[in-house]
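Participant: Spelled out, the chains give:
2 protein chains.
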Amino acid sequence: MADGVEPGTVRPGGRTARVRQAVLRAAEDALTEQGFTGLDLADIARRAAVGKTTVYRRWGTVTGLVADLLQDMAEQSAPRTETGSLLGDLTANARLVQRTLTDPRQGALFKALIAAATGDAKTAAALHRFYDIRVREWAPCVRQAADRGEVPEGTDPHDVIRAVSAPLYYHLLISGGRLDETAADRAAEAAAIAARAGVFVRGGGKPA
Amino acid sequence: MADGVEPGTVRPGGRTARVRQAVLRAAEDALTEQGFTGLDLADIARRAAVGKTTVYRRWGTVTGLVADLLQDMAEQSAPRTETGSLLGDLTANARLVQRTLTDPRQGALFKALIAAATGDAKTAAALHRFYDIRVREWAPCVRQAADRGEVPEGTDPHDVIRAVSAPLYYHLLISGGRLDETAADRAAEAAAIAARAGVFVRGGGKPA
DNA sequence: CGTCTAACGGGTCTGAAGTTTCGTTAATGG
DNA sequence: CCATTAACGAAACTTCAGACCCGTTAGACG
Chain A
1 MADGVEPGTV RPGGRTARVR QAVLRAAEDA LTEQGFTGLD LADIARRAAV GKTTVYRRWG
61 TVTGLVADLL QDMAEQSAPR TETGSLLGDL TANARLVQRT LTDPRQGALF KALIAAATGD
121 AKTAAALHRF YDIRVREWAP CVRQAADRGE VPEGTDPHDV IRAVSAPLYY HLLISGGRLD
181 ETAADRAAEA AAIAARAGVF VRGGGKPA
Chain B
1 MADGVEPGTV RPGGRTARVR QAVLRAAEDA LTEQGFTGLD LADIARRAAV GKTTVYRRWG
61 TVTGLVADLL QDMAEQSAPR TETGSLLGDL TANARLVQRT LTDPRQGALF KALIAAATGD
121 AKTAAALHRF YDIRVREWAP CVRQAADRGE VPEGTDPHDV IRAVSAPLYY HLLISGGRLD
181 ETAADRAAEA AAIAARAGVF VRGGGKPA
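As you go down the protein sequences, you meet chains A and B in turn.
Each residue of the first sequence is one higher than the last, beginning at 1 in full-length UniProt numbering.
Each residue of the second sequence is one higher than the last, beginning at 1 in full-length UniProt numbering.
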């Protein structure tokens with residue numbers, strides 16, 4: 001037997017998958033309720049009705065478990081809406097993010113995920129991948145705006161989408177400011193205006 | 001004797017103050033090196049050459065210590081620069097933030113502070129206070145821009161300053177994107193353009 | 001349907017985080 | 001300079017997260 005093989009890779013079907021799902025859901029609940037601090041794997045095992053040995057063997061640490069949870073979350077994507085204008089699309093995105101972060105459960109979960117990522121490189125990589133996928137999902141609306149001539153040629157779609165989210169996460173994590181629909185609309189508007197002005201043109205400084 | 005009195009409040013001079021400083025510096029080092037996870041008070045006590053009993057008695061938990069550290073950091077403010085134009089001032093601010101977050105020591109420290117704040121309400125409040133002070137320090141440059149007519153009357157100075165920092169923190173914590181001078185300049189430019197367009201006018205939606 | 005063994009799970013052990021105790025040191029006020 | 005006691009610190013104690021052992025369960029493959 002070749003050791004160094006991660007458990008769960010040889011027989012990924014049936015029970016193994018079931019255990020993984022149960023543990024990930026339990027981890028989600030625990031992170032939501034307890035936050036990242038004061039979280040132990042034994043508690044998660046109890047919630048998942050699974051032996052704690054299993055959790056320790058397969059994930060080892062809390063950050064490792066969070067990294068796996070992020071990968072699992074990345075696999076389920078939510079589709080975007082299309083409104084026909086850049087501002088409309090960005091506003092839809094901003095409100096989706098705002099609603100997610102405002103929701104008591106989801107907001108707490110995302111806080112915990114981000115906190116976990118600050119301490120561990122692998123978890124950080126998983127977080128980056130998760131957001132990269134989300135950003136990719138929304139990027140087409142900027143490309144369409146470029147086709148319509150709403151934003152300059154060469155505008156980086158990813159940067160525009162990220163610019164919409166940034167102020168909302170800043171409120172959530174750092175300033176503690178109100179995270180209402182007005183904040184979402186402002187974030188979208190600011191990003192749209194900056195994009196139109198060519199701030200997000202790849203590689204270049206300002207055009208005029 | 002009235003119990004319920006926090007230790008260090010009756011005789012705050014001499015030794016008590018010396019111990020506090022030593023512990024806060026040690027906590028800073030530990031947070032920088034180890035991150036928020038895997039940080040224990042006994043280690044901090046060792047670094048500070050102080051009995052661990054003292055650390056547990058005065059601060060109790062890691063988050064409590066971080067909250068005190070934030071209050072200490074808030075007391076030492078760095079003065080802003082003035083360039084005469086809104087974009088110039090915002091760019092100076094953005095570059096200052098960018099340099100701070102890029103610095104290996106400071107960047108790690110801020111990550112740890114923010115992570116700690118996600119899990120504890122008191123620490124979060126301390127973090128909000130810290131950033132509120134920083135924002136207040138820079139707000140006048142927006143007010144001056146309003147006097148010059150660069151931005152509409154009623155523009156919220158705080159929101160503009162926060163809009164500059166937001167994308168930089170988003171890179172640091174969430175997307176993992178490059179945090180170079182170009183990113184800083186873009187953040188400043190986007191905020192300046194949005195401010196000029198009236199996005200940050202208090203209470204109102206878009207003007208035109 | 002039966003064999004093989006990957007993966008799970010209960011029980012036990014251990015080391016370190018955190019608490020309590022009590023003696024020691026040094027601010028504070030007169 | 002002395003008395004008072006707040007605050008510190010060393011060491012013993014407690015608790016529990018996380019590691020380990022080994023028997024049990026159930027996928028994979030013929």
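Don't read these hints as lab results, they were simulated from the structure.
The beta carbon of each residue, even a glycine, is placed where N, CA and C say it ideally should be.
Any given hint could turn out to be false.
If you anchor each label on the Cβ, the simulated ranges turn out as follows [as the list claims (entries may be wrong)]:
(1) B:Arg148 <-> A:Gln71: 26 to 32 Å
(2) A:Asp180 <-> B:Ala78: 28 to 34 Å
(3) B:Gly107 <-> A:Asp132: 32 to 38 Å
(4) B:Gln34 <-> A:Glu150: 35 to 41 Å
(5) A:Glu6 <-> B:Gln34: 22 to 28 Å
(6) A:Lys52 <-> B:Arg136: 18 to 24 Å
(7) A:Gly107 <-> B:Gln34: 46 to 52 Å
(8) A:Asp103 <-> B:Ala74: 27 to 33 Å
Participant: Now tell me if each hint is right for this structure.
Facilitator: Hints and how they fare:
1. B:Arg148 <-> A:Gln71: 26 to 32 Å: violated (51 Å)
2. A:Asp180 <-> B:Ala78: 28 to 34 Å: holds (32 Å)
3. B:Gly107 <-> A:Asp132: 32 to 38 Å: violated (21 Å)
4. B:Gln34 <-> A:Glu150: 35 to 41 Å: 47 Å Cβ-Cβ, so the 35 to 41 Å window is violated.
5. A:Glu6 <-> B:Gln34: 22 to 28 Å: Between glutamate 6 (chain A) and glutamine 34 (chain B), where Cβ atoms are some 26 Å apart, the hint holds.
6. A:Lys52 <-> B:Arg136: 18 to 24 Å: Between lysine 52 (chain A) and arginine 136 (chain B), where Cβ atoms are some 48 Å apart, the hint is violated.
7. A:Gly107 <-> B:Gln34: 46 to 52 Å: Once the Cβ atoms are compared, 27 Å apart, the range 46 to 52 Å for glutamine 34 (chain B) and glycine 107 (chain A) is violated.
8. A:Asp103 <-> B:Ala74: 27 to 33 Å: Once the Cβ atoms are compared, 31 Å apart, the range 27 to 33 Å for alanine 74 (chain B) and aspartate 103 (chain A) holds.
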